[in-house]
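Put the complex together from the two separate chains, hints included.
Here the protein sequences line up with chains F and E, keeping their order.
Per my numbering, the first sequence starts with residue 98, numbered consecutively.
Per my numbering, the second sequence starts with residue 8, numbered consecutively.
None of these hints come from the bench; they were simulated from the model.
For every residue, glycine included, the Cβ atom is placed at its ideal position computed from N, Cα and C.
One or more hints might be untrue.
What the hints assert, rightly or not - Listed below are several chain E residues computed to face chain F (Cβ distance under 7 Å; list not exhaustive):
#  : residue
1  : P46
2  : G49
3  : F52
4  : N63
5  : L97
6  : E107
7  : T108
8  : F111
9  : G112
10 : G114
11 : L118
What the hints assert, rightly or not - In silico BS3-like links for lysine-lysine, alpha-carbon gap of 30 Å or less:
#  : chain 1 : residue 1 : chain 2 : residue 2
12 : F       : K139      : F       : K153
13 : F       : K153      : E       : K103
14 : F       : K168      : E       : K103
15 : E       : K64       : F       : K168
16 : E       : K103      : E       : K64
17 : E       : K64       : E       : K20
18 : F       : K165      : E       : K20
19 : F       : K168      : E       : K20
20 : F       : K165      : E       : K103
21 : F       : K168      : F       : K153
22 : F       : K153      : F       : K165
23 : E       : K20       : F       : K153
24 : E       : K64       : F       : K139
Unchecked claim - Each pair of labels, with its calculated beta carbon distance range:
#  : chain 1 : residue 1 : chain 2 : residue 2 : range
25 : E       : N66       : F       : S137      : 25 to 31 Å
26 : E       : T12       : F       : Q173      : 28 to 34 Å
27 : E       : S29       : F       : K168      : 34 to 40 Å
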Amino acid sequence: GESVGLHLPTLSVQEGDNSIINCAYSNSASDYFIWYKQESGKGPQFIIDIRSNMDKRQGQRVTVLLNKTVKHLSLQIAATQPGDSAVYFCAENAKTSYDKVIFGPGTSLSVIP
Amino acid sequence: KAGVTQTPRYLIKTRGQQVTLSCSPISGHRSVSWYQQTPGQGLQFLFEYFSETQRNKGNFPGRFSGRQFSNSRSEMNVSTLELGDSALYLCASSFKLNGETQYFGPGTRLLVL
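Chain E on its own, in the form it takes in the complex (with noise of 0.2 Å):
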């Protein structure tokens, strides 16, 4: 079985512009978690999409959002970039809702100018 693919792998923009990141969860996995993860706050919980609804929501503000398709893959968009949002975004699939192990992909690391 595949793992969870993520595209694009790297990424530079500059501040004030908007990106959008694809997750493509494990084959029969209907939820997608997404994660920001820096060197200095560590690993942060974005949100959660299950059947097409988010499900859970970390506390990022609204410039972060999200959304998945009725084949569970998943894409999140970042608006207004700022600096401070450069880092390595991650997607976990699970099974199912709140599925306590989650598979993660290997992330697209966003640098923003």
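Just chain F, with the same shape it has in the complex (with noise of 0.2 Å):
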């Protein structure tokens, strides 16, 4: 069935490095994507989000780049710190015949002082 999902299932980085946690997904149809950061004991967070007709979109300190030929979604952090720790989620809007949002396993980002 049509999924989302992720490369790496968890990633550590130094503080201060840049970390790009990836995505791929399966529904071509898909016109609208969004990353989440959930940290322990609170719900997802909305951080970024990018529509189909652009490839990169920018925030503070944070960038998505989305790659409609080969399906696939990045979400780079610059200079990574340590209240960036958290399992970071990427989802597509799909069009279903249901719509609905549907996410990814997610990652889980450590960041290493």
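This is the structure in structure tokens:
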């Protein structure tokens, strides 16, 4: 079935380095993608989104890249900080018969001080 | 603006019982979606309500049901609880149906013994 998946379930980075979290999606009809951050004991928090008519979008310290050719999404975090430690989910607004948001399995990011 | 609130935050039930969880969306948001989050299955979509009507439904058995009130507050009910229903239940609100940016509450942690 249609799904959103992540290449790496865990990622450890040194404080100050850049982090890259990857995501593959399978529904070529999806036209909107979101990255969420979930800290322990909290609900997912919106980070950044991108529409399918774009290939790059930048926020504060974060950049999302979309490659529709290979159906790949990535989240780049610049100058990673300890507060960035969390689980990151990509999600797609899948154009299924009952349009809904499908979440990937998540990547756990650990920042080493 | 107050965020999405969920009550209760923690709940312990035994097999066979039923449970009702509550969600109050962000003021002005009319869509409420419910998700189940478990370590094994990740974030899975349960259903979405808009204007007091269920608009989208995920692949869960009929034991899982919900409703939405005229003030957009929503409840979900799980009947005949099973051990596998132990999970974090998340509610998310958005301004419109199939709203692309969803704002999540902190979740209700349900433990079924």
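Against the structure, the hints come out as follows:
1. P46: 10 Å, violated
2. G49: G49 (chain E) check passes; min Cβ-Cβ to chain F is 5 Å, inside 7 Å.
3. F52: Hint holds; F52 (chain E) Cβ to chain F Cβ min 5 Å, cut 7 Å.
4. N63: Since chain F brings a Cβ to about 5 Å from N63 (chain E), closer than 7 Å, the hint holds.
5. L97: 5 Å, holds
6. E107: With a closest approach of 5 Å, the E107 (chain E) hint holds.
7. T108: Constraint on T108 (chain E) satisfied, holds at 6 Å.
8. F111: 3 Å, holds
9. G112: 5 Å, holds
10. G114: At about 5 Å, which falls below the 7 Å cut-off, the nearest Cβ of chain F leaves the hint on G114 (chain E) intact, so it holds.
11. L118: 15 Å, violated
12. F:K139 to F:K153: Holds: K139 (chain F) and K153 (chain F) sit about 28 Å apart, inside 30 Å.
13. F:K153 to E:K103: The hint holds at about 25 Å.
14. F:K168 to E:K103: Answer holds: K168 (chain F) to K103 (chain E) is near 27 Å, not above 30 Å.
15. E:K64 to F:K168: Distance ~25 Å between K64 (chain E) and K168 (chain F) Cα, so the pair holds.
16. E:K103 to E:K64: Measuring from Cα to Cα gives roughly 16 Å; hence the hint holds.
17. E:K64 to E:K20: 25 Å, holds
18. F:K165 to E:K20: Judged against 30 Å, a Cα distance of about 45 Å means the pair is violated.
19. F:K168 to E:K20: 42 Å, violated
20. F:K165 to E:K103: It holds: about 26 Å lies between the C-alpha atoms, which stays within 30 Å.
21. F:K168 to F:K153: 14 Å, holds
22. F:K153 to F:K165: 11 Å, holds
23. E:K20 to F:K153: With a Cα-Cα distance of about 46 Å, the restraint between K20 (chain E) and K153 (chain F) is violated, given a limit of 30 Å.
24. E:K64 to F:K139: Holds: K64 (chain E) and K139 (chain F) sit about 24 Å apart, inside 30 Å.
25. E:N66 to F:S137: 25 to 31 Å: 28 Å, holds
26. E:T12 to F:Q173: 28 to 34 Å: 33 Å, holds
27. E:S29 to F:K168: 34 to 40 Å: Taking Cβ atoms as reference, S29 (chain E) and K168 (chain F) lie about 38 Å apart, which means the hint holds.
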